[in-house]
Structures are given as structure tokens and as C-alpha cells.
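Peer 1: Take a look at the letters that make up each chain.
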Amino acid sequence: MQAVAEHEFPGSLTQNQAREQAQSLADQVQQAFVNQQPLVISSGGSKGFYGHPLEGEKLSLSGYQGIVSYEPSELVITARAGTPLHIIETVLAEQGQMLGFEPPHYAASATLGGTIACGLSGPRRPYSGAARDFVLGVTMINGKGEILRFGGQVMKNVAGYDVSRLMSGAQGTLGVLLEISLKVIPMPAHEETRVLSCSQQQMQTLLCDLGRQPLPVSATLFHNDRLYIRLSGTAAGVHSAAQVIGGDLLSADQFWLQAKEQQHPFFNSDQTFWRLSLPPAATAVPDDIAKQQLIEWGGAQRWLYSEADRCQVIQWAEANGGHATAVDRSKHGCTLFHPLSSALLPLSKRIKQSFDPAGILNAGRLYPDL
Amino acid sequence: MTLNTTQHDNLLNSLLPELGQLIPAQFIITEVEQLHAYECDAFTTMRQLPLLTVLPETIEQVQHVMRCCNHLNIPVVARGAGTGLTAGSMPVENGVLLGMSKFDQIHDIDLNNRTALIDPGVRNQSVSDAVAPHNLYFAPDPSSQLACSVGGNVAENAGGVHCLKYGLTVHNILELEIVTIEGELITLGSAALDAAGYDLTAIMTGSEGLLGIIVKIRVKLLPIPASTRVMLAAFATIEDAGHAIAAVIGAGIIPAGLEMIDQTGIRAIEELMHAGYPVDAAAVIICELDGSAAEVEDELSNVINIFTGLNATDIQIASNAEESKRIWAARKAAFPALARLAPDNYIMDGTIPRRALAQVWKQINQLADQYQLQVVNVFHAGDGNMHPSILFDSSDEDQHRRAFELGTRILELCIEVGGTISGEHGIGLEKINQMCLQFSTTELQQFHALKQAFDAKQLLNPGKQIPTLARCAEFNAMHVHHGDMPFPHLERF
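Chains A and B are the protein sequences, given in the same order. The numbering used here puts the first residue of the first sequence at 1, with every later residue one more than the last. The numbering used here puts the first residue of the second sequence at 1, with every later residue one more than the last.
Computed cross-link-like contacts, DSS-like style, restricted to lysine-lysine with a CA-CA straight-line distance of at most 25 Å:
(1) LYS216(B) x LYS349(A)
(2) LYS291(A) x LYS331(A)
(3) LYS457(B) x LYS349(A)
(4) LYS165(B) x LYS332(B)
Bear in mind the hints are in silico, worked out from the structure with no lab data behind them.
All chains, please: the whole structure from these sequences, using the hints.
Peer 2: So, in C-alpha cells, the structure goes:
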């Protein structure tokens, strides 16, 4: 495929080099399987805080780079896990395309593999889909050191279980991602952000109302009684939607980038903060739980600082149809995920075991037994 | 009495009293005449009578059925509306057929969150009908949407004609309640946009009843687009039509629907539906654009320019909803229309990268000549999902054999160009051998290990979707014997 030559960059491997490296990574996993040696999968290190800290032998994917194929008219890109995310985004942008889930980088070193393994999505998520929604296929190494391929490079594929989507958010606990195929989307021709002053209650009412109309909303953020709504589409489509929404035009181009990368002043603190994932119209988080809040995703993602007891936050989120994650982004910080139900935990353990029978892949990253 | 009938009677004698503890007798069917209604899905060439059919109406009853079957080691096959095309819900011998048709309620329409909590037996179209007064709809729209159930849609990860823009079933559901083979009720996903832990909604969707029984579904609802425009463009060659498709996508336009039909298909449809399809064209493209009125008008003129520049011989633009409906109704009637051309019709479901379209189309026609059969191509061109339809007469044994061999060759072709053997219909039993072509032994073993995590005793829809290694060894040996080695040039890790 010609696409390989077109998208070479310093660090990208030839097919032969890639085959050798993949085999050597698989051999390393296979050896660890035999020796029951825990492995810590690493690449750009941009999301080290996102999970429990791990100890073990390092399995580095950072050299496993390259765009394997990319044809804009197919709306699909396939790249190796160690490929820097910014290179992928640049190559796509040159063709007027982008990753629809607008992934956060958190550092310039972010790679494609880590992005998919963590399954994090940015401001566009409720309107275009999450990381997992764009995964079409993966090549991976399971915990026995076997190189396996699931899914493919086509939009629709129901041959076998959808293992490739399962890898998104599994944080390497089910397999080492080698190569990932993603659906991509065209960049919108036009974008603008409207800003409105309103209370949280007014925001919820307005967003529920707008959500039932076919408007090209691509992001929302609510903070300090200001609601920011981004519109993306054709110029005519955006202008007519802007008239429906009203408010003022916001001219700060960096606004959504800062939101996505958690560089918004709200996150400028060493304290642990919470991410509550909720049904968008869920009731307001009570004041005794939320000291300060920033609300995204039309109400479905709420960031908060809290002085409440950990259990209280978790219980409130659960009672309101969602879940809570505690994030500490300070130097040696980590992330604690919402406890799994007594029905889900044993099933999840059996799934982990089916991919990683010796329990050596990023073991404990998500939960102590996974 | 043969061994099998003895086994059958013994199983029935042990199962019936256990089931009866919680399931009313009128919900259990054991008479052979009535069981015939459940012997196959819409892939009617494969049939099997179940041991019995049970039609529970509560989740507790489903749990009880599963506990009984688990205890007695009796296989269970779940069935929605029976519209599947791959024998996925065909019963297994001496197994229970679990019919979910009584689960037909829409429990909650949540307008603020734009979701609906529904039973698995609810028909696909009824969801959109129920929420239409609120200007909302459920996006997946398989051609069988009038009859098929949403539970079946989830089990097969059903698509439809609007997938390119709005995704498959997996993109349009948030939460599932499932009953495991042990009878445990588990919630996967959540009413929020994500859930803690592994993405088990993803693995459950498209698992064809092999991992658990779906008993409740929370679906996403979308606002009905303010404006929709449908056009029909005719092309003198397949190549021109293929280029036109690539050019639309390349221009950054994602149509809501982008379909392509070949000449035989056009003529068959036109004869049945009289929709004004141009019968002399080598191919037609149906393109639907949706969004705000302003957006759609912009895109419409772009698409017209692209099609005209790429030698479209005729472009019809529906001027009102009625005309749009007529164009779509004709497309959705493609299969009934083809059914009039021959006694039997074997529909393939391979998906290929769009760039390979013209080449694959040509090769399919060459293969069809070689096997002396007619193939009609109806194609979800936007997402690369082909539905070549092989016309044959199953009463002619030789034709029957040729049709199925040709089918395998077409699926091989799809794999060869980087595609897959199934885009949306599923594997079931119909394509189980071709799974051996697409997946390596270690990949199949990984699938089996995953199944084991859900169903250690292999009681859920056994023998479907994922072939055993023994089956593949046999199939590959036979297959190599018939022709060349399956694409030795393809790199497989």
C-alpha cells in the first residue's frame, strides 16, 4: 500500500522492522508468562496517573511506531501503538480529517496505544462518540505472548466477539496493543462557540431542550454560571444554530483545547478531584458533596472538588445512575475507579483470566484483581 | 426406540417438572406441530426441532429456565423475532428454545436524557414510532425493522442503511441487563455515557446469544433531523459509481445513507415497486443527506456537482418526503424483489474497504459466470458492506452446492482485500466455516476462552458463531483440496 511511504516520519518503522519488534515484544510477554513475571506496559507515559501505580518489568511500546495505512476516502487510519498521538492528528488534519473522540493528550509524549488503552475522550464525546466507538480493529499480544488480530479496517464487522472494542479502557490488562485501526471523521468546515450566562438549573433545562433538536452542538462546558456551547458543521448550519441558541460569540480559540487537556483554571490545583459520569439530566450534585464544579458533556461528565467522604461520593453517583472516579494528578498521584458490583467483579476476573491466564499484564492497574 | 429418542424423552422428563415449578404450563411448547414454528430463522435452509420451546414473560422466569438448563446441562438458544439470516437462532438438538416474544414493553421514555428502557422483544420500528411524537428516533434500521426485535439487533449488532453516520447497534445502546447461564441477573454499561470496568456492553453486542440472555436494553434516542434530502443517481459503469462514492466521502461529506444497486437489482426492484429507478443504468447510487435545512442544501449542491463531474447519466432529487419514501421503500424491498427472480436467494454480507469495490464487483461477476449462477449486488456503499445475492434453486442439488461454494469464494474475496465475512448479519451457523478462513487457531482459541468466562459449560447457543478447532481442521483440509491454498500471499502474524 502506497500510504506507508506517504506518511513516514522520524521513528516510523519499516514493515520488516515492525514485524521483528512485534515478535520480540511477543517473546518478552511469552517469557514473562512462563516465569509469571508481572509486566508494566509503557509508552509515552502521559497518563501514568490514570490508575493504580504498578511495579514489574517494563514492556516498552514507545519504539513501535508508524502509520500502517491511511486513505482519507476510506475514513480509516491504522497505526502502531507507539505512534505519537500528535503525529496521527497532524497527518489526519493535512487531509481535513480528525479523531472524532477528540482525545486528551495530557503530555506531548501521548501515544495512540495509550490513548485507546485508557479509553479517554474529549469534549466532542457525547455528540460524536467515545474512543471505543471509533475502534475498528486491533492487533494485540495476549498474556500468553500470542499475537492476535481482531476486527479489521472496515466500518462494519460482526465476525466473532468484538474484542477490539473491549480493549478500549482495559488499560492493557487484557492485552498489549500493537496496531489499532480507527474510524476517522471529516473536520467540520466551520466552528464557533456561544457563551451564555445562566444558573445550573437553567443550563440543564436549556441543554435538555437543545438536545431534542437536531443542532450541530459538538461540545458544552458549564463553569461559574457560564455555559459555553460549541457548534460544528457547515457555515450555514452553524450560523442558523447560533441564532437558535443566542448568547455571545466567544473568540478564545484555546478554550476547548484547555478544557480537553485539563488546563482550564478549574484543574489548577494539587487536590484530588472527582469525575462523575452521570445521565446528562441527573439532578445537581448537592453542595455537601461538590465544593466546586465544572460540567461537560451536556451534564454527563461532572468534575468536582469535594470534602465529602469517598464512600459518600461513590454512593451518590451510583444512586443517580452513574459512577465516580477519584483523580490525583499530583506528582506521584493515581486514580481510583468506582468499585465493581458483586456480580461484575467475578465476571471481570474470569474475562481477565481468559486473556491473561498468568495475570501478568498491567495487573492491578484498574482494580486489585484485574 | 433409537438412542436419540430415548435421550430426548429422558431430558424432557427431567426438565418439565423443574421448569414447571415457576413456568406456567401454557408457556411451554412440546408438541411437534407447534415446535415447527421455531425450527429455523429467516435462513430457512437449515432447520432443527428443539426439545421444547419456552416463552417466559418475566425476568424471574428467564432466570429459572437458565438455572434448570444449567443444572441439567441442557443447551439454550435464545430467539427474538426469528428474522436472522444466518441460522443464529436455529435450535440445537435436545436443547431449549427460549423465545423472548413476550418481552414486548417499552418501560420508560426519558426525554431529558434521550433514552428509552425497553424489553428485548420490542420491535425495532416500534421504538422509533413510540418516540416520534417527541421528535426523537432510534437510529439502527435494518431492512427487517418492521419485524425484527431490538434484542435480536443487540445479539447481532445489527446495522442498516444509516450506519455510516449514525453507527451500528453497539453505538446506540447504553445499558443491558443480561441473565447468565447460572441464572444471575447482571447490569452491563449504565445510564451514563460510560461505566466502570471493562466495556462489557461492547462484548455482549454481537455475541449472538453465546454469552448471556438479554432481558432489558437502554437505547439512545436521537433528534429527528430537521431536513432530509434523498437523491438517486445513475451511472453507466460500476467504476464511475465507485469513484463517485469515494469522491463524496473524500469531500468531507458523510451522507446519512449511501447505497448502490447493480443493473439486475435495479430491474428486479423496479418491476416490483415501480419507483422510477433507471433500468438502463449499470448502477444507481441512493444518497441521503440530513441535518439542518441550511446544512443539507449546502451538501446537496456539493454532491450534485460531484456526481455530475463523475459522469452521472441521470440524477433524480426527491422534492418531498413522499418521493424520498418511495426511493427508500424500493431499496428496502430489494430482497423481496430478488425473491421473485429465483426460488432461492443466498444473501452474502461481506464488508470490504471501499477502494476495492469495483475490483471485487468485477471478480464476483466472473465467479458467478464460472459457477453458472446469477449474482445480484445490493451494497451499503457508504460503509463497504456488500450484499451480493446468489440466485439459485435449492431443489436442484447441484445448483444448491454451487451456490454455497460460490458464497464461500465471495467471502474469501472479501477477506483477501482486507475485509470481513460479515458486516451486520452475523455468523450463526451459516458462515461458521468461513470463520476458519478469517481467524487463526490462536484467535479462535481466544474467542473460546472468552466464551468460557461467561458460559463454562458451553450451554448457550452451542455450535454457533465460533467454530471448534476440529471443525476448522476439517473444513480447511476440504477447502484446500477443492482449490488453491487460501491466499498464501497474505501476511498473518
